[in-house]
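> Starting from the given sequences, assemble the full structure and let the hints guide the process.
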Amino acid sequence: MSKFLKWFASDSFVVSLAAIVMGLLLGAVVMLTGGYNPITAYMALLKGVFGSPYGFGEALREMAPLVLTGLAVAFAFRAGMFNIGAAGQVLLGMTGASLIGIKLTGLPAIIHAPLAIIVGGLFGGLWAALAGYIKAKRGVNEVITTIMLNWIALFLCNYIVRTFLLLPGNQRSLDVESSAWVSIGWLSEMMGNARVHWGILVAILASIFFYYFLWKTKQGFELRAVGSNPEAARYAGINVNKNIVKAMFISGVFAGLAGAFETLGVFHYQSVYSSLPGYGFNGIAVALLGMTHPFGVLAGAGLFGTLTYGSSEMSFEAGVPSEIIQIVIGSIIFFIAAQGIVRYLLKPVYKRKKEKVL
Amino acid sequence: MAAAAPVVELKQITKRFPGIVANDSISIKLHKGEIHALLGENGAGKSTLMNILFGLYQPDEGHIEINGQSVAIDSPNKAIDLGIGMVHQHFKLVQPFTVTENIILGMEPSKGGVQIDYKTASEKVKQLSDQYGFRVDPNAKIEDISVGMQQRVEILKTLYRGANILIFDEPTAVLTPQEISELIEIMRRLVAEGKSIILITHKLKEIMSVSDTVTIIRRGKVIDTVKTNETSPSQLAEKMVGRNVSFKVDKTPAQPKEKIIQVNNVSIKNKDGISLLDGMTFDVHAGEIVGVAGVDGNGQTEIIEALSGLRKIDSGSIVLNGKEIGSHTPRQISEAGVGHIPEDRHKHGLVLDFSVSENMVLESYYKQPYTKRGFLNFRAINDLAKRLVESFDVRTPSIHTKARSLSGGNQQKAIIAREINKNPDFLIAAQPTRGLDVGAIEFVQTQLIRQRDQGKAVLLVSFELDEILNVSDRIIVVYEGKVIGEVRPEETNDQELGLMMAGSRQGGIKA
Amino acid sequence: MIDLLTFGNLINTTLVFSTALIFAALGGLFSERSGVVNIGLEGLMVFGAFAAAIGTYYAEEAGMGGASPWVGLVTAIVVGVLGSLIHAVATITFKADQTISGVVINFLATGITLYLVKLLFEGAGESPLLMNRLAKLSFPDIAAIPVIGPILGTGILNSYPTTFIAIILVFVTYYVLYKTKFGLRMRAVGEHPSAADTVGVNVNRMRYIGVMLSGALAGLGGATITLTTTGLFSHTTISGQGFIAIAALIFGKWNPLGIFGAALFFGFAQAIRNYVQLFEWSASIPQDFILMLPYVLTVIVLVVAVGKSRAPAALGEPYDPGKR
Numbered sequence: 001m002s003k004f005l006k007w008f009a010s011d012s013f014v015v016s017l018a019a020i021v022m023g024l025l026l027g028a029v030v031m032l033t034g035g036y037n038p039i040t041a042y043m044a045l046l047k048g049v050f051g052s053p054y055g056f057g058e059a060l061r062e063m064a065p066l067v068l069t070g071l072a073v074a075f076a077f078r079a080g081m082f083n084i085g086a087a088g089q090v091l092l093g094m095t096g097a098s099l100i101g102i103k104l105t106g107l108p109a110i111i112h113a114p115l116a117i118i119v120g121g122l123f124g125g126l127w128a129a130l131a132g133y134i135k136a137k138r139g140v141n142e143v144i145t146t147i148m149l150n151w152i153a154l155f156l157c158n159y160i161v162r163t164f165l166l167l168p169g170n171q172r173s174l175d176v177e178s179s180a181w182v183s184i185g186w187l188s189e190m191m192g193n194a195r196v197h198w199g200i201l202v203a204i205l206a207s208i209f210f211y212y213f214l215w216k217t218k219q220g221f222e223l224r225a226v227g228s229n230p231e232a233a234r235y236a237g238i239n240v241n242k243n244i245v246k247a248m249f250i251s252g253v254f255a256g257l258a259g260a261f262e263t264l265g266v267f268h269y270q271s272v273y274s275s276l277p278g279y280g281f282n283g284i285a286v287a288l289l290g291m292t293h294p295f296g297v298l299a300g301a302g303l304f305g306t307l308t309y310g311s312s313e314m315s316f317e318a319g320v321p322s323e324i325i326q327i328v329i330g331s332i333i334f335f336i337a338a339q340g341i342v343r344y345l346l347k348p349v350y351k352r353k354k355e356k357v358l
Numbered sequence: 001m002a003a004a005a006p007v008v009e010l011k012q013i014t015k016r017f018p019g020i021v022a023n024d025s026i027s028i029k030l031h032k033g034e035i036h037a038l039l040g041e042n043g044a045g046k047s048t049l050m051n052i053l054f055g056l057y058q059p060d061e062g063h064i065e066i067n068g069q070s071v072a073i074d075s076p077n078k079a080i081d082l083g084i085g086m087v088h089q090h091f092k093l094v095q096p097f098t099v100t101e102n103i104i105l106g107m108e109p110s111k112g113g114v115q116i117d118y119k120t121a122s123e124k125v126k127q128l129s130d131q132y133g134f135r136v137d138p139n140a141k142i143e144d145i146s147v148g149m150q151q152r153v154e155i156l157k158t159l160y161r162g163a164n165i166l167i168f169d170e171p172t173a174v175l176t177p178q179e180i181s182e183l184i185e186i187m188r189r190l191v192a193e194g195k196s197i198i199l200i201t202h203k204l205k206e207i208m209s210v211s212d213t214v215t216i217i218r219r220g221k222v223i224d225t226v227k228t229n230e231t232s233p234s235q236l237a238e239k240m241v242g243r244n245v246s247f248k249v250d251k252t253p254a255q256p257k258e259k260i261i262q263v264n265n266v267s268i269k270n271k272d273g274i275s276l277l278d279g280m281t282f283d284v285h286a287g288e289i290v291g292v293a294g295v296d297g298n299g300q301t302e303i304i305e306a307l308s309g310l311r312k313i314d315s316g317s318i319v320l321n322g323k324e325i326g327s328h329t330p331r332q333i334s335e336a337g338v339g340h341i342p343e344d345r346h347k348h349g350l351v352l353d354f355s356v357s358e359n360m361v362l363e364s365y366y367k368q369p370y371t372k373r374g375f376l377n378f379r380a381i382n383d384l385a386k387r388l389v390e391s392f393d394v395r396t397p398s399i400h401t402k403a404r405s406l407s408g409g410n411q412q413k414a415i416i417a418r419e420i421n422k423n424p425d426f427l428i429a430a431q432p433t434r435g436l437d438v439g440a441i442e443f444v445q446t447q448l449i450r451q452r453d454q455g456k457a458v459l460l461v462s463f464e465l466d467e468i469l470n471v472s473d474r475i476i477v478v479y480e481g482k483v484i485g486e487v488r489p490e491e492t493n494d495q496e497l498g499l500m501m502a503g504s505r506q507g508g509i510k511a
Numbered sequence: 001m002i003d004l005l006t007f008g009n010l011i012n013t014t015l016v017f018s019t020a021l022i023f024a025a026l027g028g029l030f031s032e033r034s035g036v037v038n039i040g041l042e043g044l045m046v047f048g049a050f051a052a053a054i055g056t057y058y059a060e061e062a063g064m065g066g067a068s069p070w071v072g073l074v075t076a077i078v079v080g081v082l083g084s085l086i087h088a089v090a091t092i093t094f095k096a097d098q099t100i101s102g103v104v105i106n107f108l109a110t111g112i113t114l115y116l117v118k119l120l121f122e123g124a125g126e127s128p129l130l131m132n133r134l135a136k137l138s139f140p141d142i143a144a145i146p147v148i149g150p151i152l153g154t155g156i157l158n159s160y161p162t163t164f165i166a167i168i169l170v171f172v173t174y175y176v177l178y179k180t181k182f183g184l185r186m187r188a189v190g191e192h193p194s195a196a197d198t199v200g201v202n203v204n205r206m207r208y209i210g211v212m213l214s215g216a217l218a219g220l221g222g223a224t225i226t227l228t229t230t231g232l233f234s235h236t237t238i239s240g241q242g243f244i245a246i247a248a249l250i251f252g253k254w255n256p257l258g259i260f261g262a263a264l265f266f267g268f269a270q271a272i273r274n275y276v277q278l279f280e281w282s283a284s285i286p287q288d289f290i291l292m293l294p295y296v297l298t299v300i301v302l303v304v305a306v307g308k309s310r311a312p313a314a315l316g317e318p319y320d321p322g323k324r
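Protein chains in written order, with the UniProt record's numbering: chain C, 1 to 358; chain Z, 1 to 511; chain U, 1 to 324.
Treat the hints as calculated values from the structure; they're not laboratory data. A virtual CB, placed ideally from N, CA and C, is assigned to each residue, including glycine. Heads up, some of the hints might be wrong.
[As the list claims (entries may be wrong)] What follows is a set of in silico ranges between Cβ atoms, one per label pair, in the way DEER data are often shown:
hint : chain 1 : residue 1 : chain 2 : residue 2 : range
1    : C       : Thr217    : Z       : Asn470    : 41 to 47 Å
2    : U       : Glu317    : Z       : Pro109    : 26 to 32 Å
3    : Z       : Pro109    : U       : Leu129    : 52 to 58 Å
4    : Z       : Ala5      : U       : Val172    : 48 to 54 Å
5    : U       : Gln287    : C       : Thr217    : 43 to 49 Å
6    : C       : Leu17     : Z       : Pro18     : 25 to 31 Å
7    : Z       : Pro18     : C       : Thr33     : 41 to 47 Å
8    : U       : Tyr275    : C       : Thr33     : 45 to 51 Å
[Unchecked claim] Straight line, CA to CA, 27 Å or less: simulated DSS-like cross-link-like pairs of lysine-lysine:
hint : chain 1 : residue 1 : chain 2 : residue 2
9    : C       : Lys242    : Z       : Lys271
10   : Z       : Lys269    : C       : Lys242
11   : C       : Lys242    : Z       : Lys422
12   : U       : Lys179    : Z       : Lys124
13   : Z       : Lys32     : Z       : Lys78
14   : Z       : Lys29     : Z       : Lys221
15   : Z       : Lys124    : U       : Lys181
16   : U       : Lys253    : C       : Lys137
17   : Z       : Lys269    : Z       : Lys482
18   : Z       : Lys271    : Z       : Lys312
19   : Z       : Lys367    : C       : Lys242
20   : Z       : Lys323    : Z       : Lys269
21   : Z       : Lys271    : Z       : Lys482
In structure tokens:
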């Protein structure tokens, strides 16, 4: 408990909090210059999320993939890599889940749904592991390969949907068999038919898994050593290349799960996408908001999900373009990354605090 | 002109860093045409002082006079304007640039102020080089020339900027004995031409052979300033360390037993087909320390990497305790009984952002009892760390402190503790005392000898010839990836070793 | 069999796609040669594409007619520089992680530009279609020459003025980087900042200039797309070109001539999509695979060729004079 309290008083907590406040303030300034009332806008945003059970349920629905893609990015980060390819891995996850969910019929739900989820996770994992393999074997920077693999995934998945799963005459697949659905019926009903699904629970479990795996297990020790100093890890007898591939695989599984739950829990079919969906960059934002710590990611996804889901209500009620939220989130990350700026601005506050102590 | 003012006078310079007074009211006079040595251990405050003179730091108290005029040196530019030049210990050279480009950088001769006039530039470099007998090729790339040559480029950089006062920061750390005597020649020629030199070093031999005056600094304070011809190495050493120092390492004669490691005709080529190791052959027995002497870049790094499994060998064999290990992975070799104290502690020896206790199990984390059923057993890990920290006297606030915040000496102690705790049959120590102070050096060398006495085979790779001569029981000299000679420390001296390191075979016959 | 005129057209389309990449990758070159990773090229292109549309639109409103696109180009340069200043302040002055800051630029760019589009054009998701765009130069006499006409006239010369500017810039950049004082100092700062610092080169100033040049050039690259290809600004105007420019920078080994070649290659990979259909056998290839082609080619090229390329030694490291 004291550890918990200490963390609240810690420097990084104060700086993050200040970064959030500064981001929101900056957003308010931008709104003012555009002739909007920021207070009305932020109130509308909060109302959108917390004003009704439906809004809250839908915000939760929004958060599930954010947590999982955030974990994907954060996990790779901890192993020393920057996975910009979560979007592609999500698409592969969707496709894996769709293939199982549509093509296999007559399975009991207790087998069908978990199988579809697992295959989705595996698809995402293998897709990311490909980038890891190319890095390990040929030394090609994963930033570039994951970006390229995003586009390849987009067209590959579209091809699979068009060729094997198409609902004739539509730009989408057939519906997933209901035995593979992962919606939570009773909760959904309680929340005015908000599309809540088991993915939210899985996302929370995944962040707990992330924490224990990375900091408490032998394998996690290796990944952290490789992420922190690959040369020293190699000297210590750790197989760096193998760990690069492993880390990317696990990272991709997180993203793949996000995709699987989107298909099985939210849409119940898969679209043909005309351009890359925003899952990847949102995941990066969430990971950075959470400072690449799994529990930070949970909090980051909460913040991000609230802001983005609430933004539509904000744009509806206060007329503010929802893009303002991207500016707010961008500047929050900016302030967290450039902590020097925050510390510089917080200086007067800190000084006063110190003087009081003296 | 009688009794001219000193070219440089530092007056009561004080510089504080959080928690430490790096320079405590230091005063030094440098006269024209003088070589003034600044002697002190690592961390005594020499570098801080010189960084103040070169404008990289500002003193908290005191001031500097150049030719009797009080000056404020607030940037390297200002120092350069005042005729001060610094030859840095870690050369400030851009590797893919040519010699000329490095020298003119920041003061480029140009056509119309924009385009560099490379012709004029390289002529000027050539002329300067000839004037002082440097013999450097203005158009060679830095990455292609020897360390000694690179140092001359550093010196030329200062001369090109018209420096009259040259600061040499530990200039001999990476040079062979021959290169050192050439450097001393160059320094003499420089003072003969009217330059003045400050020589920062912790090596007594150099001071005795080249300097006119010595100022000894310990813990940020000036202990004494003496004329070189009125002192002796042992007096200087005592003043530097603050107690009596023995130059000879205490040890009994070795009693070698069975052969532990046999390196047979090992060859390695790089990607471009150039030989890095060319049929290297030697062995190390239980109970002896074999020293590897050689100029940097003659295969030391490669043989260490081959012995520890970090680099594949193209041909030949490496046999440990009768078993071939030439194609094994680092982990297999480590488990077969090889310990390795790597050359670069920060890059290879430690994960700096890991805690001391995590670093202690960096090679054994996966074994019982540190891992149980896939989970780390923190109690066992911390117990080990506590025990090692205590028995190897690693000074750290806690075993949970990050390795990054330990001093260099304590980081090295942590690595040695970890490697010795593995109880290896064969211990490789690469540059184990580089950058450490006298106390830590003694500790490290004593540990190596203790390992030998416990019947381990030890391979010591070092650029410090004194260390090789004092610690080894047998010395092999490597040149261009081959062993070109073997000598006993008691039967040789650094002159003979130096000649062999430059490629001549035993007995002084040129190869 | 493909005829000469089609071949000429393929060259022409290649140049159109390559132009924006050349600009942006040269921008990335200046930033990274000075030691600052710039993954925000995409966002800077977005800023440029947006500014070009706005600048041109208001110039049209002011009655500047055919000169309007040039106003747009200048606006794009200015806005690109402003956007890059965010990156410079964060990474150079406040030593923020360069990759994260780049991501932030990408995030902010789409947010800010689309917000402003909605604000300026009463809630529309894209800028109005521009009346005046850049026009291709035309050399009918040369195009009419047999054999070389289709290649030289139709293929190469019949291009947008921006293409010529881009190609000239390649050589200008080469000259600046390898023949001038400024270039020597910039390369030194990216390789060994403390070596540059100790001979009086202002490391942070050089890096600011490098990053700002990347903003100007990436802005120009984005503007090129608006003013030659799409004719308006929307959220899909750039869609990944900035990242391909980064790939061109790496594949081109941080050298202006290499970048030129890499940009032509990626431009070709995008252009070929429009021409594959001319072959009968291509009917059997699903369209999705043709769309995928440039990205697959990029990965293959990187896997096969990139192994040995050497990034500037100090790339990604904030310069801290206290550390030695």
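> Each hint needs a verdict: does it hold in this structure or not?
Here's how the hints hold up against the structure:
| no. | hint | result |
| --- | --- | --- |
| 1 | Thr217/C - Asn470/Z: 41 to 47 Å | holds, 46 Å |
| 2 | Glu317/U - Pro109/Z: 26 to 32 Å | holds, 30 Å |
| 3 | Pro109/Z - Leu129/U: 52 to 58 Å | holds, 54 Å |
| 4 | Ala5/Z - Val172/U: 48 to 54 Å | holds, 52 Å |
| 5 | Gln287/U - Thr217/C: 43 to 49 Å | holds, 46 Å |
| 6 | Leu17/C - Pro18/Z: 25 to 31 Å | holds, 27 Å |
| 7 | Pro18/Z - Thr33/C: 41 to 47 Å | holds, 43 Å |
| 8 | Tyr275/U - Thr33/C: 45 to 51 Å | holds, 47 Å |
| 9 | Lys242/C - Lys271/Z | holds, 23 Å |
| 10 | Lys269/Z - Lys242/C | holds, 25 Å |
| 11 | Lys242/C - Lys422/Z | holds, 25 Å |
| 12 | Lys179/U - Lys124/Z | holds, 18 Å |
| 13 | Lys32/Z - Lys78/Z | holds, 20 Å |
| 14 | Lys29/Z - Lys221/Z | holds, 15 Å |
| 15 | Lys124/Z - Lys181/U | holds, 17 Å |
| 16 | Lys253/U - Lys137/C | holds, 19 Å |
| 17 | Lys269/Z - Lys482/Z | holds, 13 Å |
| 18 | Lys271/Z - Lys312/Z | holds, 12 Å |
| 19 | Lys367/Z - Lys242/C | holds, 19 Å |
| 20 | Lys323/Z - Lys269/Z | holds, 24 Å |
| 21 | Lys271/Z - Lys482/Z | holds, 19 Å |
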